[in-house]
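K.L.:
Now for the letters of each chain:
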Amino acid sequence: MSCSPFDLRDYLLRELAEPQRRQVEAHVRSCPSCRLELDRLRLTQTALSSLGDEEIPRRIGFVSDKIFEPSRWRRWWESLHGPAGLGFASAAMLSVALIVSVATRPAPAPRVAGTVKTVSEDEIRQRLDRGIDAGVERAVAAIEARYAQRTEQLVKDIELRDREERRAIQAAYELQADYQQRTLQAYKRSQYVASASDGGSR
Amino acid sequence: MIFRAVEDADLIQRAAKGDVEAYNLLVSRWEKPMYNYLLRITGNREDALDLTQEVFLKAYRNLGKLAQPGRFAPWLYRIAHNEAYTMFRKRRPETGVEDMEPRGTGTGIAVGGSSVFPLELSLSVASALGRLSEEQREAVVLKIYRGFKFEEMAEILDCPVSTVKSRLYTALDLLKEELAPLEARGVS
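Chains as they are written, first to last, in this note's numbering: chain A, 1 to 202; chain B, 1 to 188.
Note that these hints are calculated values from the structure, not bench results.
This one's a predicted model, so the numbers in the text were calculated from it and none came from an experiment.
One thing to keep in mind: the hints can contain errors.
[Said to hold, decoys possible] Straight-line C-alpha distance at most 16 Å; calculated EDC-like pairs for lysine to aspartate or glutamate:
no. : chain 1 : residue 1 : chain 2 : residue 2
1   : B       : Lys-149   : A       : Glu-15
2   : B       : Lys-165   : A       : Asp-7
3   : B       : Lys-32    : A       : Glu-55
4   : B       : Lys-176   : A       : Asp-39
5   : B       : Lys-149   : A       : Asp-10
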């Protein structure tokens with residue numbers, strides 16, 4: 001029990017005003033038991049500070065954080081899923097396909113009958129459909145491949161961390177066991193010395 | 001510390017007016033201490049990370065309710081405390097709050113970060129902290145690791161200062177006894 005004018009724990013934790021701190025300091029200088037108690041408290045505080053802060057595993061993503069902003073490709077892909085996105089994408093692809101179709105189409109044969117025009121329109125429509133389908137398939141495949149790669153990497157990371165944690169736990173147990181073993185040996189030694197000195201004094 | 005509080009207050013005022021970049025800056029300043037506080041009381045990295053995210057999201061939504069920007073830290077930690085206890089309750093709905101122990105009890109307290117101290121000491125400290133009650137441990141974390149004043153701790157934990165002091169001092173006495181043999185070998 002401390003005889004200090006103020007609680008030594010308040011002093012240690014800087015919860016005392018300056019005049020009160022000075023009173024405690026003056027008291028501790030002249031009181032060995034309070035000095036010892038304060039030393040023990042300081043050592044406890046120092047021991048506690050051995051447990052350092054960890055780095056945060058990943059930054060907290062927030063609304064407009066540039067780091068977490070989706071890539072240009074992803075933004076484009078997500079725009080396809082928006083309410084107006086599909087319509088816009090279809091129109092864009094249709095335009096591209098039309099341009100490609102016109103540019104690569106062979107020179108038109110001389111018109112002989114009205115049926116020729118009908119066939120040509122069907123062909124264009126089919127080409128357009130094929131072009132859109134192929135474009136969408138390629139985009140989906142690229143996205144899926146990217147996600148598969150990312151998932152694989154995540155799984156690898158988790159497995160690695162798991163292995164490291166297991167190793168750390170194992171090491172901790174070994175340390176603890178070693179510490180207990182040494183404590184036990186020290187205790188046995190002290191008992192042996194005590195009994196030997198008792199025997200010698202008799 | 002004072003400059004930081006002033007800067008925080010400025011950022012909070014800007015964020016409350018809808019400046020997301022100001023809030024991002026606040027998040028980057030507070031995410032590490034917040035994560036470590038939640039890590040110490042939950043004892044689980046994934047939970048701590050998820051809760052940290054939740055805390056900042058909730059804080060952003062409620063920034064307008066923060067009357068004094070200078071009290072941002074205790075206000076933020078109050079949200080974190082509530083979020084953590086809500087999670088504990090969800091996980092064990094059949095248990096009373098006072099009977100619940102977070103997953104950080106026992107030997108589950110995380111030992112990490114760079115430290116100049118021997119690993120053995122860190123492990124023993126983690127183990128000693130794990131033996132405290134959750135309330136005592138949270139008091140130690142808020143005071144020793146996060147440096148809050150008693151009044152701020154009372155605000156965060158929603159209890160009187162006398163209760164805060166009682167929890168903390170009981171914890172310190174227990175830790176003092178628990179760590180005494182180690183102090184002699186590892187610290188002094």
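K.L.:
Hints first: check each against the structure and report whether it holds.
P.N.:
Taking the hints in turn, this is what the structure says about them:
1. B:Lys-149 x A:Glu-15: holds (7 Å)
2. B:Lys-165 x A:Asp-7: Holds: Lys-165 of chain B and Asp-7 of chain A sit about 11 Å apart, inside 16 Å.
3. B:Lys-32 x A:Glu-55: holds (7 Å)
4. B:Lys-176 x A:Asp-39: holds (11 Å)
5. B:Lys-149 x A:Asp-10: Given that 16 Å is the threshold and the Cα spacing comes to 11 Å, the pair holds.
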